[in-house]
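There are 2 protein chains.
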Amino acid sequence: MSESAVTVFVCVSCRRWRADGEAFDQPGHALASELRLRLREMSGSDVGIVDVDCLAVCTRPCTLALAGTGKWTYVIGDLEPESHVEEIIAAVKSFAASENGIIAWRERPPSFRKGVVARVPPRPSRLEPVEP
Amino acid sequence: MSESAVTVFVCVSCRRWRADGEAFDQPGHALASELRLRLREMSGSDVGIVDVDCLAVCTRPCTLALAGTGKWTYVIGDLEPESHVEEIIAAVKSFAASENGIIAWRERPPSFRKGVVARVPPRPSRLEPVEP
Numbered sequence: 001m002s003e004s005a006v007t008v009f010v011c012v013s014c015r016r017w018r019a020d021g022e023a024f025d026q027p028g029h030a031l032a033s034e035l036r037l038r039l040r041e042m043s044g045s046d047v048g049i050v051d052v053d054c055l056a057v058c059t060r061p062c063t064l065a066l067a068g069t070g071k072w073t074y075v076i077g078d079l080e081p082e083s084h085v086e087e088i089i090a091a092v093k094s095f096a097a098s099e100n101g102i103i104a105w106r107e108r109p110p111s112f113r114k115g116v117v118a119r120v121p122p123r124p125s126r127l128e129p130v131e132p
Numbered sequence: 001m002s003e004s005a006v007t008v009f010v011c012v013s014c015r016r017w018r019a020d021g022e023a024f025d026q027p028g029h030a031l032a033s034e035l036r037l038r039l040r041e042m043s044g045s046d047v048g049i050v051d052v053d054c055l056a057v058c059t060r061p062c063t064l065a066l067a068g069t070g071k072w073t074y075v076i077g078d079l080e081p082e083s084h085v086e087e088i089i090a091a092v093k094s095f096a097a098s099e100n101g102i103i104a105w106r107e108r109p110p111s112f113r114k115g116v117v118a119r120v121p122p123r124p125s126r127l128e129p130v131e132p
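Protein chains in written order, with my numbering: chain W, 1 to 132; chain P, 1 to 132.
Simulated from the structure, these hints should not be mistaken for laboratory data. Some hints here could point you the wrong way.
[Stated by the list, open to error] Facing chain W, according to a computed beta carbon distance under 10 Å, are these residues of chain P, among others: (1) Ala56; (2) Ala67; (3) Asn100; (4) Arg119; (5) Arg123.
[To be verified] Okay, the calculated bits of chain W under chain P, using three or more residues with CB under 8 Å as the criterion: (6) 105-115; (7) 118-125.
[Stated by the list, open to error] Among chain P residues calculated to face chain W with C-beta under 8 Å, some are: (8) Thr7; (9) Phe9; (10) Val50; (11) Leu55; (12) Ala65; (13) Val85; (14) Ile89; (15) Val117; (16) Ala118; (17) Val120; (18) Pro121.
Think of the CB as a built atom: it goes at the ideal place given N, C-alpha and C, for glycine as much as any other residue.
Take the sequences, apply the hints, and build the full model.
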């Protein structure tokens, strides 16, 4: 089994306070499950969903990261499993289809326009090391 | 020339407002230059410094990302080229020496304890893709 073309890391540690402020839930589990379900319905999908214990963006639940060989990695926060699954699926498709992981602005769903936490370029494959 | 063991991506786009609020500088250039200088002085260093146009953490200049094969990638913000270079060098050494990129808390310099913006795990090398 080869590596998936795209990996979606979903933080399942994020704690989101309920509206009443009395308790929190951990919506990353629901988000990861829903994304798996939706991707199974898509034929030809080569996307792996990976649960992660903490992407260290604790103040902006839910959080996920999109990664792929030769692509920029994007960390996105402020995602809601109740309302953003379709937008995430659309963004994952655009990310997978892109050459370098950079999704054209017009193709970015609103949650992805607002939710970018950070991005990291692919590592250079033949970077010249700093010599002593 | 093979890939460096560790890559330090330094955002050179970050704008930092001066204390007088009249103008901004872009301290990432100075930070990248200083890190290159320090690493040249270290024998056996296998670290590449890469300037990046925007890591998308614009509210927390300066920002950098540490990445390495099989390691978690860490994005760190709120770094000052005037005061944090030695801490960054120490963290880069710890990161390079670590098995998976996770630096023990006691080894993390203060700027790295406070400055974590996000972290992303290494991609699974033989992840089972979601089948249709």
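A quick look at each hint next to the structure:
Here the hint on Ala56(P) is kept, as its CB sits about 5 Å from the closest CB of chain W, short of 10 Å. A distance limit of 10 Å between C-beta atoms decides the matter here; for Ala67(P) the minimum to chain W is near 6 Å, and the interface restraint holds. Violation of the interface hint for Asn100(P) is found here, the shortest Cβ-Cβ separation to chain W being roughly 13 Å, above the 10 Å cut-off. The interface hint given for Arg119(P) is met, as the beta carbon of that residue sits about 5 Å from the closest beta carbon of chain W, less than 10 Å.
With a least beta-carbon distance of about 5 Å to chain W, the hint placing Arg123(P) at the interface is held under the 10 Å criterion. Against chain P, the region 105-115 of chain W contributes 0 residues with a C-beta closer than 8 Å to a partner C-beta. That does not satisfy the three-residue criterion, and the hint is violated. For the region 118-125 of chain W, the assignment as covered by chain P holds, since 7 residues bring a beta-carbon within under 8 Å of that chain's beta-carbons and 3 suffice. Taken as an interface hint, Thr7(P) checks out: its beta carbon lies about 5 Å from the nearest beta carbon of chain W, inside 8 Å.
Because the smallest distance between the Cβ of Phe9(P) and any Cβ of chain W comes to about 6 Å, under 8 Å, the interface hint for this residue holds. Of the supplied interface hints, the one on Val50(P) holds, with its beta-carbon coming within about 6 Å of a beta-carbon of chain W, less than 8 Å. For Leu55(P), the suggested interface contact is upheld, since its CB lies about 6 Å from the closest CB of chain W, less than 8 Å. At its closest, the beta carbon of Ala65(P) sits 5 Å from a beta carbon of chain W; the interface hint therefore holds under the 8 Å criterion.
Because the closest C-beta pair between Val85(P) and chain W is about 15 Å apart, greater than 8 Å, the hint is violated. Interface restraint check for Ile89(P): the shortest CB-CB distance to chain W comes to about 12 Å, outside 8 Å, so the restraint is violated. Checking Val117(P) against chain W by beta carbon gives a least distance of about 5 Å; that is within 8 Å, so the hint holds. At a threshold of 8 Å, the smallest CB-CB gap from Ala118(P) to chain W is about 4 Å, leaving the interface hint in force.
Given hint, Val120(P) at the interface with chain W, holds; its Cβ is 5 Å from that chain's nearest Cβ, closer than 8 Å. Interface restraint check: Pro121(P) against chain W, minimum CB-CB distance 6 Å, threshold 8 Å, status holds.
The structure does not agree with the numbered hints 3, 6, 13, 14 stated previously, though it agrees with the rest.
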